[in-house]
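Keeping their order, the protein sequence lines are chains A and B. Quick note: the first sequence, position 6, residue 6 per this note's numbering, numbers continuous. Quick note: the second sequence, position 102, residue 102 per this note's numbering, numbers continuous.
Bear in mind the hints are in silico, worked out from the structure with no lab data behind them. Computed from a prediction, not measured in an experiment: that's the story for all the values here. Careful, some of the hints might be misleading.
[To be verified] Calculated cross-link-like contacts (lysine-lysine; reagent style BS3-like; alpha-carbon spacing at most 30 angstroms):
1) A/Lys119 with B/Lys262
2) B/Lys87 with B/Lys159
3) A/Lys213 with A/Lys148
4) A/Lys119 with A/Lys213
5) A/Lys213 with B/Lys262
6) A/Lys213 with B/Lys87
[Claimed, not checked] Here's a subset of chain A near chain B, in silico, CB distances under 10 angstroms, partners left out:
7) Leu60
8) His61
9) Leu96
10) Val99
11) Ile101
12) Ile140
13) Pro269
All C-beta atoms in this analysis are idealised placements derived from N, C-alpha and C, irrespective of residue type, glycine included.
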Amino acid sequence: MDAFIAQYIDAYYLRIMIFIGINIIMALGLNLITGVTGQLSMGHAGFMSLGAYTAAIISLHYDAPFFLAILAGAAMAASFGFIIGIPTLRLDGDDLAMVTIGFAEIIRVFFLNFEPGGKAVGLSGIPQYTDFATVWLIVIVVIILNAKLLYSRVGRSLFAIRENEIAAQSCGINTTRMKILAFTVGSFLGGLGGGLYAHYMYYINPQDFGFMKSIEILNMVVLGGMGSIPGTVLGAVILTLAPEMLRIVAEYRLLFYGGMLVILMIFRPNGLLGDVRIYDLKKRWGKKR
Amino acid sequence: MFWEQLINGLTLGSSYALIALGYTMVYGIVQLINFAHGEIYMFGAFAGLFLVLSGVNVFIALLGAMVFCMLLGMLVERIAYRPLRGKSSRLSALISAIGVSIFLSTLMALYRGTNTTRYPEIIGNSTFSVGSIQISSLQVIILLVSALLMVGLQLLIQKTRIGKAMRACSQDLEASSLMGINVNRVISATFAIGSALAAAGGMMVGIYYNAVWPYMGTMAGLKAFAAAVLGGIGSVPGAMIGGLSLGVMEIMGVAYLSSSYKDAIAFAILILVLFIRPQGIMGQKISKKV
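Bound-form chain B, shown alone:
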């Protein structure tokens, strides 16, 4: 029982982690809580659905959804955030993000209606047992794909030129631009990568829970933001750990405490952790300067 719940928690948590990565990467560079990120995740789930319905292989559909959301994320950044950058408070950018979020979810609701759409049976869902634990093949695929994406992200950040530029920008945006880094391009790339990861998360959640709907992004986005803060916002490994642990704790809370308080559990844990360790699990304490 316990080990099965753990696997369930890790499956849910890996989707939180994939969304949380986008929050934390964007936050690390431009200090913006990108509230439209949950909607990008929703668009990813729908883009995947449309591709699957048109008869494309699941994994190619996953890639297609990621590419689509990459473009969408870059477009949102270009239209709604870039004009505001540097000349306004961070709160204005936040409101702009909320505007985009309302716009995108309404757009999808107008197109598809507010009801949930079911995903077609695409991956034959067989369960097998390891020892006494029952695991479904779907869970294995989700965990594997998530792990693959996260390792890929780490390699991208640590080993490539654009990753190096992203790390530099997250340390000091102004100094990076003085060193000849094209800051706008780096920010655009950050949005693209974050959005692609969210799209992957969205499509996998859609397949796993067999349901997508236009407002699925709001709660998932909030939980993922909670995961990012839990891990220490701005830290990439923090978002992974925060997402996974939040998923596990939520599932455990539902299994052993109460299911009617499901949505409250994640936030209660988060608040407790922040009381004890305000900078999050992996975050660094930054001393403020006058």
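Okay, chain A solo, but in the shape it has when bound:
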């Protein structure tokens, strides 16, 4: 499949498109936690690294099939997401942000000292199983399942928690279960993205999953529009492309990136597609027809 695509698309663009796909998967996971349920998580890179390391070690040492490896990585991330989900019952807002930052930092320091993970040197020689077709197939499946979830009773409960937790609770929503669910599914997607990333890069290092990586994924969700699937996808596309496009300005790249974030937030404070949902779009288009 990829050989076929490579005939028509330059390898460089193919690479960027794979990164866009991986970022969409991870950003959709964070969107579920932060955008939809309103629980500010700033440690998504922690889940990503758990997925990446688990999948990579399984691939390297046990020679497991690719899908099994990335699923194991995602499951590992999800179980940690479940554990992190529990304190969210007690903490809210910025305390939770701090706990998630702390969690991601602890995971990073752990991998810096983790013998099977190569310590600070990182893991190399991971087989490159991730290709364009797999990534985008997973992206499509994730988007469809995500849209189904948000459209369902569970999805509406999650939105209700973001809007007003106490009111949601008094309407009979089990907010405890819902928040843990959001964390588990969101971190599963983070781990999935991490596994795909590891199997594309050949090489992973704890520093790849630092605080800035978490921030990058959070930016995609907020920039695109909180709680919106099209918005998150757009945010992931723009913020993956932005550093590439800004290569023209060479070393001033990050300067423009930072400035761009500020300006976009000033002019579109609710994100580019704030709260546009797929089923709202369907409704709108349905009427026109």
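Chain A is fixed; fit chain B onto it per the hints.
Below, chain B alone, put in the same frame as chain A:
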């Protein structure tokens, strides 16, 4: 050994406390995690360095760095936060703060390169012993200056007109503006004071560890934010206690447990404390209203 580590911890902790104060004051009034605060601290360290290199006395350089960061903090607030206030979610302001943080650290990296710069020998660093404990004169100066700044801050908040306005704004921003307080001016002043304290912290850390670099703000900012949350975010005495205790616990953790887990220790302690006492050490429990 123990008492020396305690002094080391308090020295490190006082720099965390100085940065944490800026986080907590801004948070108390506008509920914004000002992620650019770590970069203000870095700019303070560099501004101090440039002044010292141009031959200014250390203490005047410290004042100069504080004034420079005051202006920088007010400028950042004016450009990146004020246009967003009131018409967007707090998360948008957070992303804007992250944008400023990336912008400022890149700006300094472009200007000075990413390598560490050493501070020149400015304060003759003599050690003397009290009983069996070895203390360096530098540590004494840092502790004294920090204590002086914190007492000054307390006086400013408790005794002056602007301090009174700040306390009112942290209780209820809207009601304060109805009572005739110029809210924008108060917020601007809060940013100015917080930034000045961070600059002082930055310069003292630069002298103490004899190194400044453009990305020094990120980790220091995170740790200071952790300190602010530990103490109870929004509470000024909480930030002081949180900063000092975080510094001491980190140094003790490195000394008695493991140095390779240095950065994890602070966060692990923080998470444990939040499990037991979600509102932090000094924070008040606010009951939520529908």
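Status of each hint after checking the structure:
1. For the suggested pair A/Lys119 and B/Lys262, the alpha carbons sit about 15 angstroms apart, so the restraint of at most 30 angstroms is met.
2. A threshold of 30 angstroms between alpha carbons decides the hint, and for B/Lys87 with B/Lys159 the separation of about 33 angstroms lies outside it, so the pair is violated.
3. Among the hinted pairs, A/Lys213 with A/Lys148 is consistent with the structure: their alpha-carbon atoms are about 28 angstroms apart, no more than 30 angstroms.
4. Proximity of A/Lys119 to A/Lys213 is assessed by CA-CA distance (about 19 angstroms); at most 30 angstroms being required, the pair is judged to hold.
5. For the hint linking A/Lys213 to B/Lys262, the alpha-carbon distance of about 21 angstroms falls within 30 angstroms, and the restraint holds.
6. For the given pair, A/Lys213 sits about 28 angstroms from B/Lys87 by alpha-carbon distance, which is consistent with the 30 angstroms threshold.
7. The interface hint given for A/Leu60 is broken, as the beta carbon of that residue sits about 23 angstroms from the closest beta carbon of chain B, more than 10 angstroms.
8. This hint is violated: A/His61 has a C-beta 24 angstroms from the nearest C-beta of chain B, more than the 10 angstroms allowed.
9. About 9 angstroms separates the beta-carbon of A/Leu96 from the nearest beta-carbon of chain B, less than 10 angstroms, and the hint is met.
10. With its C-beta approaching chain B no nearer than about 5 angstroms, A/Val99 sits inside the 10 angstroms limit, and its interface hint holds.
11. At its closest, the beta carbon of A/Ile101 sits 6 angstroms from a beta carbon of chain B; the interface hint therefore holds under the 10 angstroms criterion.
12. Given hint, A/Ile140 at the interface with chain B, is violated; its Cβ is 28 angstroms from that chain's nearest Cβ, farther than 10 angstroms.
13. Proximity of A/Pro269 to chain B holds as hinted, the smallest CB-CB distance being about 3 angstroms (cut-off 10 angstroms).
Comparing the model with each numbered hint stated earlier shows that hints 2, 7, 8, 12 do not hold.
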